[in-house]
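Student: Single-letter residue listing:
2 protein chains.
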Amino acid sequence: MEIGNLNLELNHAIKSKDIEKINSIFETFPTIDIAEIVDDLKDITDVVYIFRVVKSSYTAELFKDLSSTKQEELINSFLDKDIVKVLSSAFADDVTDYLSEMPANLVSRILKVAPKDMREDINHLLNYKDNTAGSIMTTEFLLFDENETIKSTISKIKEKGKQAVTIYTIFIRDSLRNLVGTVDLDELLFNDTTKPLKEIMNKKFQTVDVNLDQEEVAKLFKRYDLTAMAVLNSDKKICGIITADDIFDVITEEAAEDISNISNVSKIDKPYLETPIMKLVLKCAPWIVVLMILQVFSSMILSSFQSEINKFAILSVFSPMILDASGNSGGQTTGLMIRSLGLDEIHRGDWKKVALKEFLVGTIVGLIVSVFAFGWAMLEMSTGLVSCHIEDYPAIQGVSNDTILHLVVAGLVGITLLISIVLSKLFGVGLSFIAYKLKKDPAVMAQPLVTTLVDISSLLIYFGVWMLFFEYFLGI
Amino acid sequence: MEIGNLNLELNHAIKSKDIEKINSIFETFPTIDIAEIVDDLKDITDVVYIFRVVKSSYTAELFKDLSSTKQEELINSFLDKDIVKVLSSAFADDVTDYLSEMPANLVSRILKVAPKDMREDINHLLNYKDNTAGSIMTTEFLLFDENETIKSTISKIKEKGKQAVTIYTIFIRDSLRNLVGTVDLDELLFNDTTKPLKEIMNKKFQTVDVNLDQEEVAKLFKRYDLTAMAVLNSDKKICGIITADDIFDVITEEAAEDISNISNVSKIDKPYLETPIMKLVLKCAPWIVVLMILQVFSSMILSSFQSEINKFAILSVFSPMILDASGNSGGQTTGLMIRSLGLDEIHRGDWKKVALKEFLVGTIVGLIVSVFAFGWAMLEMSTGLVSCHIEDYPAIQGVSNDTILHLVVAGLVGITLLISIVLSKLFGVGLSFIAYKLKKDPAVMAQPLVTTLVDISSLLIYFGVWMLFFEYFLGI
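Chains as they are written, first to last, in the numbering used here: chain U, 98 to 573; chain Z, 98 to 573.
Treat the hints with care, since some could be wrong.
As the list claims (entries may be wrong) - Covered, in the sense of this in silico footprint (three residues per stretch, anywhere, with C-beta under 8 Å from a C-beta of chain U), are these stretches of chain Z:
1) 113-120
2) 164-177
3) 213-220
4) 338-346
5) 388-400
6) 408-421
7) 440-447
Source of the hints: derived by calculation from the structure; they are not laboratory data. A quick note: this is a predicted structure, and the numbers were derived from the prediction, not measured. Heads up, the beta-carbon is just placed ideally off N, CA and C, and yes, glycines get one too.
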């Protein structure tokens, strides 16, 4: 059966109530692929039917993979026994995940029918703060005494079976219940089965505190190439484990958050198409307003130079180019900082090194860009793309001509850009490191402030140099 | 021994040539932590000393974890036998990774002394295109015949030992050498050891083509929660495997690339502090110049309205606010698109749904922002933060007064913002989907074009509405 036909096959099997066929589809295809098709089924009774005729090991996973809308619809259509069936093969951390998205009445209905030990696990997990190690860990893991022999360990693992989410790494404790080591499953195969675990265990293992931020957990996973890691509570006892697949989600989530932040969108929890319109409005509109308020400074500067602009309208033609180029340049530095701080490539103590490096980069970029901008502005004015003629400016008709005016304006653009680009890089470094030190996300805090500072400084330099030249040198 | 003292302890052990101590440090601490300290050792002979006295299983990993600068320095200081020692315990894919960063003369020196079979593996891996499944896979894996019994499989695994990078999943082939299944190590423990592998193997496994983009590979890993996956060559035979830790790197790299792209910085391969200044300049400067060239359109528009600006300088005070707010709004939509396309939340066929949604979001955001901007502009003008007085504009002194002028200007700002924000969202959706369809990264292609289009449309609306009002209604 090809994956392309999965949709047709499943719909047909449901319509003809072919229980055998439906079960064989679940045996052949990954549940996540089936979940996407079930999400699109219009008739909820068809979905309930699937949950009744398919093995609970499959339906527990299917439920987890459905969209939250479909999950809620299902709970409303389920009898209590259907809920019990789904929960019977589910993992507590998965159930906690979907419960945390559901309305309170559905949560309490599920908790009411959940088996006692799972209810305890769920209540426990629900208590951990979002985005901590506790919120992503699972409470199902294998913990053995260090004096246990390999042989008895293997037979105990066989008894427990697939209940422990990741069985590749087992955790070892001493008589005081402290975690003292880990054993990878292959070590059980490689060694004499009469040895106690403490002789083969790895003592170089990593642990995290249950309250550690999940982003820090992900960094440890990447740094040490881990597949599973123990989570310790405040008594330094193991209370859960985190596995590699949890970390995929964390890294992806954090990356998505960085992108949202850089784009000035507040954090989004649900997939785009499932996020209601008013939620999107609330994620977007406040930022635009905040950035607009920050802009009051540039408006004030522009306003105070209004008489200059009235006399020389050409100034306002090139100001967006200057603001954009310096803003882009500051954005590049902030982007580099967000990237390198996120990858753990630079640390707090590196700020001097980084500032010096960006100063040099800014100077060279500034020189290149300002030479280009000078030429580009000359080209625009001399070809008439941008009209700039001496007769429009009676104040300087006596002392200048078209060519000189073009050279002065283009020169002003070039000089302003050189200084602004260097400053924009320094603002980018400075504000990113300040945000980092204050434990704020540079993408949230530094990005808008850099733009504001760059706008202010560029405008001041632009009009400042202009006035210096015209008013003081030429006395106009 | 605490990790804080690691630096002191290691330096002391090196100075006193305490071989036992140095080895015990490697047994106690993760190699990556030691590598950071070794990176900072000034005297390269100290580093060479470590490589000579420590077990090769540790030094192979240490070498891989050092900075590329240190690696090159070491190869230059190593005798041939030192290189052989490092390679003896290394994995071909790790060696390939660092070779691809080294100058050609060092690469050829390493390849000359490498054992023949490793040299073949490396040459093979070096031939895969960057960022494909082939470039991140490892060629060491366990492949067994489907008729092999569990018992004989276990004894063969014991013989091969730790050579196979990930031993958690073993791969099963039929008599034609086609991949037909996978077996997780715990299945070997759970089953009757006389059974052949084909009876316990999982047939619902995922594979990828060796030329598939690594980002697509990472998506499959996340979607199916995998720990290892087979890579097939053009004959559909297994030629390597990819493991979860490779995927951490891919996800992190791709996320870093997205951030760089959104910030208009070209792709950076090395850590920030190791990237030479001129490389950073080349990553930054061209983008600023390209964006400046794209800006020619806004300059042309501004220039063609110069006589309006000459008459009404107040127009130029509010134009940056309009350009910024609409640009930010377009950036939000592009950010959302980049995020959702990257997370696989939206697909090509969703463009109509997404465009409608963003149109509605844009309309509501636009209304909120324009009402706020109207009030804000009124406040700025009435408090004198921005000066706007009827006596500065002789052309309209007869038909208006300060209050009416303020209302007209603030109204113009509001109307322009409403239309621009809606358009900016539609440009964001349109260009992101076009980039996606052309298989270009929306962050590289869509972002700058959205800004350009938004600038052009906002200016045209701003001046267009102004002229419509003044020139046609009032006939001024």
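Student: Evaluate each hint against the coordinates.
Tutor: Verification of the supplied hints:
no., hint, verdict
1, 113-120, "violated (count 0)"
2, 164-177, "violated (count 0)"
3, 213-220, "violated (count 0)"
4, 338-346, "holds (count 5)"
5, 388-400, "holds (count 10)"
6, 408-421, "holds (count 10)"
7, 440-447, "holds (count 4)"
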